[in-house]
Structures are given as structure tokens and as C-alpha cells.
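**Student:** Sequence order for the protein chains is A and B.
Residue numbering for the first sequence follows the working numbering, beginning at 1 and increasing consecutively.
Residue numbering for the second sequence follows the working numbering, beginning at 1 and increasing consecutively.
Don't read these hints as lab results, they were simulated from the structure.
From a predicted model like this one, the values you see are computed outputs, not experimental measurements.
Hints may be right or wrong, so weigh each one.
Said to hold, decoys possible - Chain B residues, not near chain A, derived (Cβ > 12 Å throughout): (1) T276; (2) V315; (3) P322.
Stated by the list, open to error - Per the computed footprint, the stretches of chain B lying under chain A, defined by three or more beta-carbons under 8 Å from a beta-carbon of chain A, are: (4) 11-20; (5) 75-81.
As the list claims (entries may be wrong) - Ranges between beta-carbon positions, derived for each pair: (6) B:F260 <-> A:G136: 53 to 63 Å; (7) B:V379 <-> A:I14: 23 to 33 Å; (8) A:I14 <-> B:E307: 47 to 57 Å.
All residues carry an ideal CB built from backbone N, CA and C; glycine is no exception.
If you want the building blocks of each chain, they are given just below.
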Amino acid sequence: MIEAANLSKRFGAIEAVRDVSFVARDGEITGLLGANGAGKSTCLRMLYGVLTPDSGRASVDGIDIRGETSKARAHLGVLPHAAGLYGNLTARENIHYFGSLQGIAGDRLRSRTAELTRILGMESFIERRAKGFSQGQRIKVALARALVHDPGNIVLDEPTNGLDVMAIRNLRDMLLELKAQGRCVLFSSHVMQEVAALCDRVVIIGHGKVLADATVQSIQDRSGAASLEEAFLQVLGDTGELS
Amino acid sequence: MRLLLTVFGKEFLENLRDRRTLLSALLFGPLFGPLLFGLMVSRMLNQSVVESDEPLRLTISGADNAPRLTRYLEAHGIKLSKANLSESEARAAVRGGRAQIVLIIPKEYGARFTLGVPAPVLLVADSADSQTRKSAERARSILGGYASSIAQLRLQARGVNPLLTVPVAVNDVDVATPTGRAVVVLGFMTYFVLFAVLMGGLYLAIDSTAGERERGSLEALLSLPVARSSLVGGKILATCAYMCISLALSLTAFVCVFRFVPLERLGMSANLNARTALIFFAICLPFVPLGAALMTFVASFTRSYREAQTYLTTVLLVPTLPIAFASIYSLKTQSSLMFIPSLSQHLLMTSVLKDETVAALDVWVSAAASLALALVLMVLTARHWRRETMLG
Numbered sequence: 001m002i003e004a005a006n007l008s009k010r011f012g013a014i015e016a017v018r019d020v021s022f023v024a025r026d027g028e029i030t031g032l033l034g035a036n037g038a039g040k041s042t043c044l045r046m047l048y049g050v051l052t053p054d055s056g057r058a059s060v061d062g063i064d065i066r067g068e069t070s071k072a073r074a075h076l077g078v079l080p081h082a083a084g085l086y087g088n089l090t091a092r093e094n095i096h097y098f099g100s101l102q103g104i105a106g107d108r109l110r111s112r113t114a115e116l117t118r119i120l121g122m123e124s125f126i127e128r129r130a131k132g133f134s135q136g137q138r139i140k141v142a143l144a145r146a147l148v149h150d151p152g153n154i155v156l157d158e159p160t161n162g163l164d165v166m167a168i169r170n171l172r173d174m175l176l177e178l179k180a181q182g183r184c185v186l187f188s189s190h191v192m193q194e195v196a197a198l199c200d201r202v203v204i205i206g207h208g209k210v211l212a213d214a215t216v217q218s219i220q221d222r223s224g225a226a227s228l229e230e231a232f233l234q235v236l237g238d239t240g241e242l243s
Numbered sequence: 001m002r003l004l005l006t007v008f009g010k011e012f013l014e015n016l017r018d019r020r021t022l023l024s025a026l027l028f029g030p031l032f033g034p035l036l037f038g039l040m041v042s043r044m045l046n047q048s049v050v051e052s053d054e055p056l057r058l059t060i061s062g063a064d065n066a067p068r069l070t071r072y073l074e075a076h077g078i079k080l081s082k083a084n085l086s087e088s089e090a091r092a093a094v095r096g097g098r099a100q101i102v103l104i105i106p107k108e109y110g111a112r113f114t115l116g117v118p119a120p121v122l123l124v125a126d127s128a129d130s131q132t133r134k135s136a137e138r139a140r141s142i143l144g145g146y147a148s149s150i151a152q153l154r155l156q157a158r159g160v161n162p163l164l165t166v167p168v169a170v171n172d173v174d175v176a177t178p179t180g181r182a183v184v185v186l187g188f189m190t191y192f193v194l195f196a197v198l199m200g201g202l203y204l205a206i207d208s209t210a211g212e213r214e215r216g217s218l219e220a221l222l223s224l225p226v227a228r229s230s231l232v233g234g235k236i237l238a239t240c241a242y243m244c245i246s247l248a249l250s251l252t253a254f255v256c257v258f259r260f261v262p263l264e265r266l267g268m269s270a271n272l273n274a275r276t277a278l279i280f281f282a283i284c285l286p287f288v289p290l291g292a293a294l295m296t297f298v299a300s301f302t303r304s305y306r307e308a309q310t311y312l313t314t315v316l317l318v319p320t321l322p323i324a325f326a327s328i329y330s331l332k333t334q335s336s337l338m339f340i341p342s343l344s345q346h347l348l349m350t351s352v353l354k355d356e357t358v359a360a361l362d363v364w365v366s367a368a369a370s371l372a373l374a375l376v377l378m379v380l381t382a383r384h385w386r387r388e389t390m391l392g
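Same shape as in the complex, but just chain A (with noise of 0.2 Å):
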């Protein structure tokens, strides 16, 4: 579970988040569905502790995140925004190299890769070295890094970006089974079909603030819309963000 309270974050004269709170539960998945420069980087950079919140707290399964940093990591998997790989290292050292930092080793971590290599699909290029790996190819490395020490909480950033329609497709179900085996994913998107399609909860975020906080279901009848996308744009409406 990771839970976000009353956090803020001002960056020069930028508000960039302002007292936004949610929580993201175990066996679901949470969407953070906002526009470009709403704030969802900068949210899920402070839910796994490269930024400090001006005020507030993030925890990770109850853990502060501020206070205890390593402990509280040790149950995140990130996916940041920019998922570079090492391109002189082997999909498979790549994988290794973050397992070893998460304090796994030997034979627990040579097994846990192979799953993920099974899981993702990866046999065909896990002795490959990374300098020209397709994006959707990186995206499994890193996807697979974030998973080696079997967190039970993953948060991803934007991880559809540059994907094409296959690639998408294996992520969503990947994210499926990750719910499935009863983690807390929290995933962020500016795409709402890819929101609506895949999250059990939807957190609207606009100009650093939260706009709504529902099941996409409620969403929808709250606002009447068919569709999620309208619904988004009704509540961007109402809050005056679309002016």
C-alpha cells in the first residue's frame, strides 16, 4: 500500500504539487491520470524519495518513506520516467546489477531472473547487450529490474510512452498479473482509454492538485459521461482547467 498525505512540493515560484493526498491499495490498480506538467512526476518522485516534500508524507506500506528511506525502498519497485539501461551490460547484468543493490544475490537472484525473463518473454535477448535494444525490449529490462527483489509495491511512470500497440498490450497484462498476485501498482498516464481500460482507481490530478479521487466506475456515474474521457473533461471543466 502507499499512501500520499497532505504533500506539496514549490519549486521556485512553481507549485507544482499542492496538498495532494491518495492512497494506492494492495491488489489494485491505481491510475494517476493527469495532463502534461500536472504534477504526476513530481507526486510519484516524492512517493519514492528522489524529491523531498516541502511538506506532508509518503509511506510505503506504513513505512515513512522520509524517515526510513532504505527499508521503505526495499518494498518499491520504480519504473521511473526515463528508464535507461546500461548498453555495455547484458539485458541479464543489467538485471542483476540493481538485484545485487536490492541485497539479493546467488542463487535466489539467478532464479528470480530467469521468472522474469519467462514472465516478460526476454529469452530471445537476455545475453544481449542493451545499446540497441527496441524500446519496447528496454521497457521489460526495466520493468524487470524494478521487479528482481519481488516488491510488493511497483509505481511507474508514464511506462506506456513510445510503446507500440504490442508492446502496450503485454505491459497491461503484466500489470494484471502483478494485481493478480495482490501487489499495489501505481501507474501514471495521460492517455485516458489506457487509464480507464486497466485501473480499478483513478486519480485526477490538475495544476498539483487533486481533482477526483474515485473507481473509475463512480467517475462515470458521478459525472454522467459515458465514457471516461468526457467524464475527464468534465471534471477539468467544473475545476475551471479547461479555461
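Chain A is already provided as a structure; the job is to place chain B on it using the hints.
**Tutor:** Just chain B now, kept in the frame of chain A:
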């Protein structure tokens, strides 16, 4: 510590597969210095050997006006080629490179010589050309020798003791040992060694910081449950490893080059053998973590590979400053200078080359000062890595 070693292992392996790192750390860095140095010294040797072995060539105009002088010059090994040039023609010939040195003996030479008043000769040469300047000096001293022997004969003919014209006898005593003389030449070497040390870690320092950011792998790395000091420590340690390899290769190359450069022919003895190389390695070792920490520190502030390269090229020049300062003021090894990194290594290596005794305390102070500064830079780097601006 285990995490630090994991980071070290990965950086070491990754860069072992990087052609750019390998070229600069293991080829360009360590070999550039010794090769350039070997070429420089060989050229200097060739020049000076050629100059003293080859007969001096002189174009003489109006040789018939002074037959005795002409015979004297020939007897002193000068190869004369006779010509008939006016002063302006001679100037043009020297300026145009058709003749190196022209000696003009005017018509009135004989008459004035007989009268016992100074008989003029003209020596035309280009003093801006270092090669002919030396030849002209030789010609002038042979001419001077002729003049003084004539003067002595004249005084004797008048019943005056020629020794009266030599009130003071100056005797040069040159205490430069053969090795001491070589040090002037070898002074360059210490810089090349320090250059190779920095060059060895240059690309790794960039790759593990700015490269990590440019590749987009930095954020994932920073979100791991690993202390930033372990990340920084592992990266600096890997940089140190490449710098040590580069240092070892550079010293090996220097030992080889010295075997082929015939310094003895210049009356120098090169005191660089395997044993000295090992001492050099030990002297330079504390400079390694300092250079690695400095480069990692600077590169941590840059946004891209290219930017880091620009800044670090300047860092490569940093060790030259104290060395240049030392040669301008011809500083000698002294304890107070051992606190300055790069200068202390330069002075210690120079002392070892000169076969001087090196105080153990100086070596310790030099090492301690470099290591202390390295530690400060490492702490500053780790502190910067803990800041959120690190994400860029």
C-alpha cells in the same frame, strides 16, 4: 561496503567494454607522454650530436685578401667554399637560405693588417635560426682565436709579455652530474605521468555521472535502497582502478622508451629503471584518489557527456599549474611544498631521478595532503549526490 563493491564491479566491467574508455585509459593516456617524450629527446640528441661532429661550413668572400687567415680557418676544420659576394649579396644569400654563414674579407684588410690597426671582416648570419647561431658562435670563436694569436705575436715582437693582457684567468667548474643535467629534460616526464593518471579515469568519471544522467539510468539508481555515499564511493573506486592501470602502463612505457633513447651520448645517465618506476608508482598512488574524486566531483555537476568533457579537459590542466610554477621559480624539494598535491609528486619524482636522498617525512606529508584533499572532495561529492538537484 558490499554495495560499494557491487557498484565498483559494475562500473569496472561496463567500462572494460567501452572502447572510448579503453582508448583513453589504456592507450592514449599512458603512451602519448612517453612517445612524445622519446621523440623530443631523440631529436635533441640528434641535433647536438650532428653539430659537434659535422665540420663547420663557411662561405668566404675575398679569401685572397687574407690568405693566412684562410689557411688558419681550414686548419681548424672549417670547410670553406669560396665565392665573390658584396655585403648586400651576402645578406640576401643568408636570408634566402642559399648560404648559412658568409665571411667577407674586404680589400682594405691586408693594408690595415700590415699597419697594425683593426682589420675588419664581416660575419653574416641569421641569429634567429638556432642551428646557424651555434655555427656562427663556433666561427666567431675560431676567428677570435686567430686574432688573439696574432695579438700575442705582435706584443712579443715589441718585447711585451703577452700574459700582461690576461689579468684574470677564469676557470669554469661545472658541478652538474650527468644525471643532474638529464633532469632538465626529464622534468617534462613527471607531468606526462600525472597526465596519464588523470587521463586513465577521465571517461569513467564522466560515464558514471553525466553519462548515467544522459542515459536515463540515474533516477532508477537513485531510487534504490542504497546510500548515496556507497554509489559515489564505488564509482570513485572504479575510476581509481583505471587510473592505476594507466599509471602502471605509463611508467612501463617510460622505462621502455628510456632503454631506447641513448641519453648517455649526451653525457646524461637516465635513472629510470624498474626500481625507480616502482618508487614513482608509490609516490603517485595518493594522487590517484585525489584525481578521481576531483573529476567525479566536477562531472557530477554537469548535465551531459559533452558538458562534462569540456569541464574535465580543464581539470586535466590543473596539475600543470604548480609544476609550471615550480620550474619558473626553480623550486627544490622542501617540506613546506609537500602540502601541495601534484607539485609534491613532481618534486619527489624529480629528486628520485636526480638520485638525491628523499626524506621519508616528505613522502608521508605528500601522501597525507593528497589523501586528505581527496577525502574532502569525496564527502562533497556524496553530499551533492544526496541533494535532489542531482536528478536534473
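**Student:** Now look at each hint and say whether the structure bears it out.
**Tutor:** Do the hints match the structure? See the list:
1. T276: 37 Å, holds
2. V315: 24 Å, holds
3. P322: 36 Å, holds
4. 11-20: holds (count 5)
5. 75-81: violated (count 0)
6. B:F260 <-> A:G136: 53 to 63 Å: 56 Å Cβ-Cβ, so the 53 to 63 Å window holds.
7. B:V379 <-> A:I14: 23 to 33 Å: 32 Å Cβ-Cβ, so the 23 to 33 Å window holds.
8. A:I14 <-> B:E307: 47 to 57 Å: Given about 25 Å between the Cβ atoms, the range is violated.
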